[in-house]
Each structure stands twice: as structure tokens, then as C-alpha cells.
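Chemist: Chain residues, written in single-letter form:
Number of protein chains: 2
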Amino acid sequence: MKNKFYQYIQNLQDTITSKLEDIDGKAKFKQDIWKRPEGGGGRTRVIENGNVFEKGGVNISGVHGKLPKSMQAYFKVGNVDFFACGLSLVLHPKTPMVPTVHANWRYFEMYDKDGEIIDSWFGGGQDLTPYYLFEEDAKHFHHTCKTACDKHNPKFYPTYKKRCDEYFYNAHRNEGRGIGGLFFDYCKATETMTMENWYNFVTEVGNSFIDAYVPIVEKRKDLPYTEAQRNWQEIRRGRYVEFNLVHDKGTLFGLKTNGRIESILMSLPPRVQWVYDHHPEAGSEEEKLIAVLKSPRRWIV
Amino acid sequence: MKNKFYQYIQNLQDTITSKLEDIDGKAKFKQDIWKRPEGGGGRTRVIENGNVFEKGGVNISGVHGKLPKSMQAYFKVGNVDFFACGLSLVLHPKTPMVPTVHANWRYFEMYDKDGEIIDSWFGGGQDLTPYYLFEEDAKHFHHTCKTACDKHNPKFYPTYKKRCDEYFYNAHRNEGRGIGGLFFDYCKATETMTMENWYNFVTEVGNSFIDAYVPIVEKRKDLPYTEAQRNWQEIRRGRYVEFNLVHDKGTLFGLKTNGRIESILMSLPPRVQWVYDHHPEAGSEEEKLIAVLKSPRRWIV
Numbered sequence: 140m141k142n143k144f145y146q147y148i149q150n151l152q153d154t155i156t157s158k159l160e161d162i163d164g165k166a167k168f169k170q171d172i173w174k175r176p177e178g179g180g181g182r183t184r185v186i187e188n189g190n191v192f193e194k195g196g197v198n199i200s201g202v203h204g205k206l207p208k209s210m211q212a213y214f215k216v217g218n219v220d221f222f223a224c225g226l227s228l229v230l231h232p233k234t235p236m237v238p239t240v241h242a243n244w245r246y247f248e249m250y251d252k253d254g255e256i257i258d259s260w261f262g263g264g265q266d267l268t269p270y271y272l273f274e275e276d277a278k279h280f281h282h283t284c285k286t287a288c289d290k291h292n293p294k295f296y297p298t299y300k301k302r303c304d305e306y307f308y309n310a311h312r313n314e315g316r317g318i319g320g321l322f323f324d325y326c327k328a329t330e331t332m333t334m335e336n337w338y339n340f341v342t343e344v345g346n347s348f349i350d351a352y353v354p355i356v357e358k359r360k361d362l363p364y365t366e367a368q369r370n371w372q373e374i375r376r377g378r379y380v381e382f383n384l385v386h387d388k389g390t391l392f393g394l395k396t397n398g399r400i401e402s403i404l405m406s407l408p409p410r411v412q413w414v415y416d417h418h419p420e421a422g423s424e425e426e427k428l429i430a431v432l433k434s435p436r437r438w439i440v
Numbered sequence: 140m141k142n143k144f145y146q147y148i149q150n151l152q153d154t155i156t157s158k159l160e161d162i163d164g165k166a167k168f169k170q171d172i173w174k175r176p177e178g179g180g181g182r183t184r185v186i187e188n189g190n191v192f193e194k195g196g197v198n199i200s201g202v203h204g205k206l207p208k209s210m211q212a213y214f215k216v217g218n219v220d221f222f223a224c225g226l227s228l229v230l231h232p233k234t235p236m237v238p239t240v241h242a243n244w245r246y247f248e249m250y251d252k253d254g255e256i257i258d259s260w261f262g263g264g265q266d267l268t269p270y271y272l273f274e275e276d277a278k279h280f281h282h283t284c285k286t287a288c289d290k291h292n293p294k295f296y297p298t299y300k301k302r303c304d305e306y307f308y309n310a311h312r313n314e315g316r317g318i319g320g321l322f323f324d325y326c327k328a329t330e331t332m333t334m335e336n337w338y339n340f341v342t343e344v345g346n347s348f349i350d351a352y353v354p355i356v357e358k359r360k361d362l363p364y365t366e367a368q369r370n371w372q373e374i375r376r377g378r379y380v381e382f383n384l385v386h387d388k389g390t391l392f393g394l395k396t397n398g399r400i401e402s403i404l405m406s407l408p409p410r411v412q413w414v415y416d417h418h419p420e421a422g423s424e425e426e427k428l429i430a431v432l433k434s435p436r437r438w439i440v
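Residue numbers (our numbering), protein chains in the order written: chain L, 140 to 440; chain D, 140 to 440.
This is chain L alone, in the form it adopts within the complex (with noise of 0.2 angstroms):
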């Protein structure tokens, strides 16, 4: 199953850049391949001063060897080797009118003495942050969540796009980092539900990703924008950052665990504002962004 999946999300990140690369029309990915000095390493991907992107990552990675401490303590285990692999994708878009989005799709190993494995799971989801909300396009990208989802359980779109509202939530600021998507963890070989099956769904979520997403970026990525939208767009990135530093487990983990840094940290935007103690004017369209991000809403009745 790992070189399966492995395999899987070199591809999918081959199809990916490709496709970005394609809109952009201008910047390419820079490749940085790493090796982690533990074990496994990985291949990040950068695009930077793009025509529709300013700044994002596309990056796999696979690591093995014996389990970090911290991460002993965190999953309840005691001294065992582990291999994780995954992909992770964060887009900052250049226009206020394109949203960010991010995605992760990642498969988890844990083996005994004998190199048994003694347990394994998958996880991931995608998600929308954007700056101005064109209801149409949250639509979509649920739209498209939905199908990949409902292919394999009716429950599952219900359940994962609760959890995404739930996990990117910014507690501090009492309003969720975008309008969700989908968010799944611990996705374990249950009676109805085999790893192959798992490895099934987790892949046509993977490959939803670009039909979600770029129909959106296609829509949207010529529309006019004013210096203040523009403003706008950098203060809400503020709160992008205070998420990904403060309450994302996956980052801090990175940082905690000696990760590659800069893959870590591809997530951040790239340029970035503080305004003290900002409010959107009353009546405006940032305002009305901020009451979805206040309480999320269903997208699909």
C-alpha cells in the first residue's frame, strides 16, 4: 500500500504542477529535492511571482525510520518504526478575487520488532479561503467534494466538511480560517470499509482536487481589483498565518519534529498585513465574508 500510494501522489503532484503551471502562463515550480537525515526525505515544489500565482507549494514527502518521541507521546505508542508519506499543497493566489486553497492527502504506517504492521491509516481534505466570496464558486468546490465523497458514502461529505469547519477554526478570532470543504483522519480498515477501500476514496478525493479548484481560478483570475480589495486580501492573510502558527496541528508537528522548514513554511503567504484592531465597513462584501467565516453555512442543501 505505501508504494502504491507513494506512487500516487507522485503523479498526482506531476499533474498538478502541470495543470498550474498551464494557468499561470508565466512562473514554473522550482523543484527542491531533500533528503531527511533519519530516513525517506522529499520533493517540494515553489511557485513564486506568478501571473495568477504569487506564491505556492506542491510537495510530497516520504519518511521512515523509528517514531520521533514527541510523536510517540502524541499517537500513545511506545518505541516503534513508522513510515509516512503524503502530499501537501497550499495556492496564494495574486488577485483578492481568486480564493487560497489548500490540500493534504497522507497514508500513516507503524510496525512492530518484525516489521509487521501493527497499524495504518489515511487522512487529508481540501479546503477554500477566500477573500471575497462568490457564493456560486463555494458552491462548486463543495459541489465537487460532494460527488468524490458520495461515490463511496453518502455519510462521508456530511461528516468531513463538519470536521473541516471544526479543525480550521481560528479559536482566537472566533471565525473559521475560509468556508471549508472536506477534513479526514484516522481512516482505518473497519467491516465496511477495507485500506483498499480507503486507498479508493482518499484517491478520488485527490483527484477532485482539480476540477474543484480551477474552474474557480479560471473564473475569477481577471476580474478587476482595487488597491484596497488588494489591502483587504493581505489583512485576511494575516489571518491565515495566525492559523497555520497557532492552531495547525501539521505545522507545529513539522516545527516541533526538526521537519524541512521551508517545506513547513511554503504555507505562509507572501506578503502579509497587521492592522490594528480592523472592521470592515458595515453593508461591504468583506463584511459579508466575515459573517460566513462567523458561521459557516451549508453549501449544498
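To be clear, the hints were calculated from the coordinates, so they are not data collected in a lab. All the given hints hold, so there is nothing to weed out.
All copies of an identical chain are treated as equivalent in the list; a pair is satisfied when it fits inside any one copy or across any two copies.
Below, computed lysine to any residue pairings styled on SDA-like, alpha-carbon distance capped at 25 angstroms:
#1 K158 / K285
#2 K141 / A328
#3 K301 / F273
#4 K167 / H417
#5 K205 / N313
#6 K388 / F247
#7 K165 / H417
Could you slot chain D onto chain L? The hints should help.
Modeler: For chain D alone, coordinates are given in the frame of chain L:
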């Protein structure tokens, strides 16, 4: 003591904000008085878009009531009453030639059921974060810190200088946030230091702030700088954000105990950049700064 110290930080806030407005010559501090629902409140003063100061805050607060659950666990005490007050300041100058500065002086009391003090202590410090290193400025700042310390105990400066280097450290980057200064905490009554002695020490440091920082601002504020130097400042400000959101106990404490968010996060810089895998050129001024951040220097021999 609590009334005396609160009176002191009120006066110090007036003195510092008045001096900074004089230097800035354009922007004035905007004042927000806020109340804490559970008891106490604060007086936040923020300056933005000045000639010299792009953003900064000089805030005081005095809060009291039942010690929040998270703080009970942190201090390993039961359900007790507390009082805490302090002055916190962060100044982000517009020009990369003037360092960012942070300072904090605080006092804490805990009470038994009869309202008797069961524990009390002072804490605080001041530290400098330059974007370009002028060695004479670093020496001036540390010399002023040392002079204030030496009046009370010759061991204070070396001890609190070292603690400052250790505390303001971005472990995930293997570098200090800045070039240090002083950091002290849990300054409690001992055989040689009464609380009155500690009050005299802490206020001595508080009174030294203007002498430590203002001459540096005056000397560097009108130096010319390039767009590339400004970009470097914004990239380094990203490291400031990383420290405050990932490592700073005070910030995380505030965020997780329902503090006044805008007063806590006034410390974040106004405009920030994150560039993937950025490294200064060999032999550049930027690289010299990094070298000092990676191995803290003794500024006073």
C-alpha cells in the same frame, strides 16, 4: 505594592508615549480603554503610519479575579484569586535602519481564601531586534541595560542577558529573534531582595527604556535605504511573527485564555513577507546579522 506598581506603569506609559510622539512628529497614539468581563481591564495605546513608527503599541493592563483554569495548571496551584498588571510595548519602525524593540514589566499576586497574599513576583525585560546591525547601537542598548542592573546586583546583567538570548529564540530556525537585552521572571522576595528591592530594580529597568532605545532611533531614523533593504526588513519581520505566534508564552497564554486579542496582537508587524528558502548573499550585511543571531555575542566585555 500592586497599587504602587500600577501607578508606576500608568506614569511610564504616559512618559514613553509622549516621548515617542515627539520623535515621530506625525502620528499620535490612539487610546482604547477596555474592560475584562471577569475583572479589571486596560489602556491600549497604538500608533500607526507615522514618520518613524509604522506600527507600535504601548499598553498597560491590570486584571484580577479567579485564576483561569489553564493558569492554575500552569502555576500548579488550586482555585485561587489573582491580580496581574504590566506594561507591554512593541515598536515597528518604518525604516529597516532602526531596530524593532520590545519591552515588558509586570507584577503578579495570588491570594488565599482570606485575601492574604500567598505569592507575588515581578517579571519583565527589554530586547532589540535590528534588521541591520550597527554594533555601536547594540553596545549602547546593552550598556544601558547593564547600568540599570548593576545598581542592584552585578550578577543581574549577565544572568538576565543570557536568559533573554535563551527565551527569544526561534528554535525551528536555529536563530535568536534579535540581539537580546534583559529577560527576568519570578523575581520573588529572598533574604537579600525584598519585594521593595525588586520594585526598585524593575522600575530602574523601566526608567532606562527611553535611554536605551531613543538615541538609536534618533541616530538612524533619517538614514537612506533601498527597496531591497526594506524587503529584507519585511522578511525578517516574518521571523518576529513566527516567534510571537509559535514560541512566545505571553502571546499564546493571552490567545488561549480569552485575553483582548487586539491588544495582544498589536505586537505583530504591519507589513510582512515570506519568501521561500530565502538566504542573504555571502558577505552581505544581511548575512552578518544572521551570523550574530545564530551565535549571540557578548556586547560588553
